[in-house]
Amino acid sequence: MNPATALATVLVDELTRCGMTDAVLAPGSRSAPLALALYQQSKIRLHVRIDERSASFLALGIAKRSGRPVAVICTSGTAAANFHPAVVEAHEAGVPLLILTADRPPELRYTGANQTVDQVKLYGTAVRWSCEVGTPEERPGMVAYWRSLASRAWHAAQQPDPGPVHLNLAFREPLIPDGDEDWCEPLDGDVTGAWTKVRAATPGSVLHVPPTRRGVLVVGDGAVNVKRYVAAASMAGWPVLAEPNGNARYGDHALSAHHFLLGVPEFVDRHHPDVVVTLGKPGLSRPLLSFLRRAEQHVVVSPSLARWPDPVRSATQVAQEAEIPVVSGDDSWLKSWRTADLIARNAVDSVLDATDELTEPRLARDLVAAIPGGSLLLAAASMPIRDLDQTMHPRRGIRILANRGASGIDGLVSTAMGAALAHGNRAYALLGDLAFLHDQNGLVIGPQDQRPDLAIIVINNVGGGIFSLLPQASFPEPFERVFATPHQVDIASIAAAHGIPYARLESLNDLSKVVAKEGLRIVEARTDRAANAEFHARMREAAQDAVRSLLGV
Numbered sequence: 022m023n024p025a026t027a028l029a030t031v032l033v034d035e036l037t038r039c040g041m042t043d044a045v046l047a048p049g050s051r052s053a054p055l056a057l058a059l060y061q062q063s064k065i066r067l068h069v070r071i072d073e074r075s076a077s078f079l080a081l082g083i084a085k086r087s088g089r090p091v092a093v094i095c096t097s098g099t100a101a102a103n104f105h106p107a108v109v110e111a112h113e114a115g116v117p118l119l120i121l122t123a124d125r126p127p128e129l130r131y132t133g134a135n136q137t138v139d140q141v142k143l144y145g146t147a148v149r150w151s152c153e154v155g156t157p158e159e160r161p162g163m164v165a166y167w168r169s170l171a172s173r174a175w176h177a178a179q180q181p182d183p184g185p186v187h188l189n190l191a192f193r194e195p196l197i198p199d200g201d202e203d204w205c206e207p208l209d210g211d212v213t214g215a216w217t218k219v220r221a222a223t224p225g226s227v228l229h230v231p232p233t234r235r236g237v238l239v240v241g242d243g244a245v246n247v248k249r250y251v252a253a254a255s256m257a258g259w260p261v262l263a264e265p266n267g268n269a270r271y272g273d274h275a276l277s278a279h280h281f282l283l284g285v286p287e288f289v290d291r292h293h294p295d296v297v298v299t300l301g302k303p304g305l306s307r308p309l310l311s312f313l314r315r316a317e318q319h320v321v322v323s324p325s326l327a328r329w330p331d332p333v334r335s336a337t338q339v340a341q342e343a344e345i346p347v348v349s350g351d352d353s354w355l356k357s358w359r360t361a362d363l364i365a366r367n368a369v370d371s372v373l374d375a376t377d378e379l380t381e382p383r384l385a386r387d388l389v390a391a392i393p394g395g396s397l398l399l400a401a402a403s404m405p406i407r408d409l410d411q412t413m414h415p416r417r418g419i420r421i422l423a424n425r426g427a428s429g430i431d432g433l434v435s436t437a438m439g440a441a442l443a444h445g446n447r448a449y450a451l452l453g454d455l456a457f458l459h460d461q462n463g464l465v466i467g468p469q470d471q472r473p474d475l476a477i478i479v480i481n482n483v484g485g486g487i488f489s490l491l492p493q494a495s496f497p498e499p500f501e502r503v504f505a506t507p508h509q510v511d512i513a514s515i516a517a518a519h520g521i522p523y524a525r526l527e528s529l530n531d532l533s534k535v536v537a538k539e540g541l542r543i544v545e546a547r548t549d550r551a552a553n554a555e556f557h558a559r560m561r562e563a564a565q566d567a568v569r570s571l572l573g574v
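Every number in my numbering is 21 more than the matching position in the sequence shown, counting from 1.
Just so you know, not all the hints are guaranteed correct.
Unchecked claim - Straight-line alpha carbon distances no greater than 30 Å define the calculated BS3-like cross-link-like pairs of lysine-lysine that follow:
| no. | residue 1 | residue 2 |
| --- | --- | --- |
| 1 | Lys-218 | Lys-64 |
| 2 | Lys-142 | Lys-248 |
| 3 | Lys-356 | Lys-248 |
I should point out that these hints are in silico values taken from the structure, not numbers from a laboratory. No experiment lies behind these values; they were computed from the predicted model shown.
Sequences and hints are given; from them, build the entire structure.
Below you can see the structure in the form of structure tokens.
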């Protein structure tokens, strides 16, 4: 057996023994040993994509939803560079990925050899661990090295801080099996499982939060142990300020209009908490970040103490676990929050329901309310997730995801595809037109690859809608050209080119039909950017005026 085939066979086998169930391959020549080994491994569900960036975001989506490491494989050169955006997102969002890049052997590097670039530590600090595996050789001890390496990579992607791991694999030719099965030592691994059994570290001591009825729980992206902390906050009489992708906006204590409440200075002045506890990484709402900045006691709960989210540098204590004590007392604190939240939410709903026009905020509100229990919803990281944050009513039984690690526009179609495949149930994606166009290659699916049950709902406002809500919009002359970036792309034609069913959402009255259908499909909802900006302003003014009226100011 040639060394390239031996290394690839052992590596894939060991990762399978560790528990890997999915791998994504972007085909190429130098990665042929890995491709063939994956094809032969019946226990791994193999996904093939022609574009490396699409492949890496597909792997990200699968890993993000499943919580298990997913391998993504490519050939050498710029193919490996195209993984970088997904690696950065996985790094920032704490998503376990195994990045396996094939490479030329050392003697071909720095010689001008075809498709050869410097891939050693290619992703810099955006990976939890990076290893130059070394060119495989036929000599005793190699199998132990390869299997130990695979076990280390598998666990490094998960503990203590989940994220991407990079193995750079240099292969010499021949790159395909030569028909000879002989090797200098047995290639088999441990029949009982992984070569190296790794035990997770025992969590640190529990931080006891000061007992108080005047606390607030904030839940952002990537939060873990959500149900436990929401239950504790409810027992303590605290309001829960949950961003949609924190998946904690449910129950009687969950607020849905905190974005507007915290934009009213008089409300904030009267609702100064004794302590704020945050899970995950909040960051959708500037008023919420300003609220955190004012907190005198801010406890950040983070699974890893190597790094923790603290965007406004307000954390006073950080712990892997925290205990929110039950304290007796009246409910005036919670009632004040809930009363104001109800007033603000009713005001927002009144604006949303005042017109039959298809608006972006109402589409977000009605979509999340209409999708059936057990569904997955992935929202683009710019306006769609913010529209959900500002309009979504509390509800149970759905899972909401967003690529908010680095909050990029990259790979959202592919991420949605991967998340839907891992979810295994109804799935929906709410994307803007630029996000959709940015990842058109995510629609390229081979005839032998599984297609998810996924509705991709594209809000087409012919450009970058979020910029209309930012200060850049005050410069009308250059705005359209350098910020809004209008396009003339026909979404229906894109769907037709890929053989994907297409529908146009003309009215929100037809939303139930969109939700009820099954299979991979594209739904276009056309809106107007300028009108959308004005509509958001009306929502904000109505909510904040209602709260000020409640406060008597």
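Structure-based check of each hint:
no.	hint	result
1	Lys-218 to Lys-64	holds, 20 Å
2	Lys-142 to Lys-248	violated, 38 Å
3	Lys-356 to Lys-248	holds, 22 Å
Hint 2 from the earlier list is the only one contradicted by this structure; the remaining hints agree with it.
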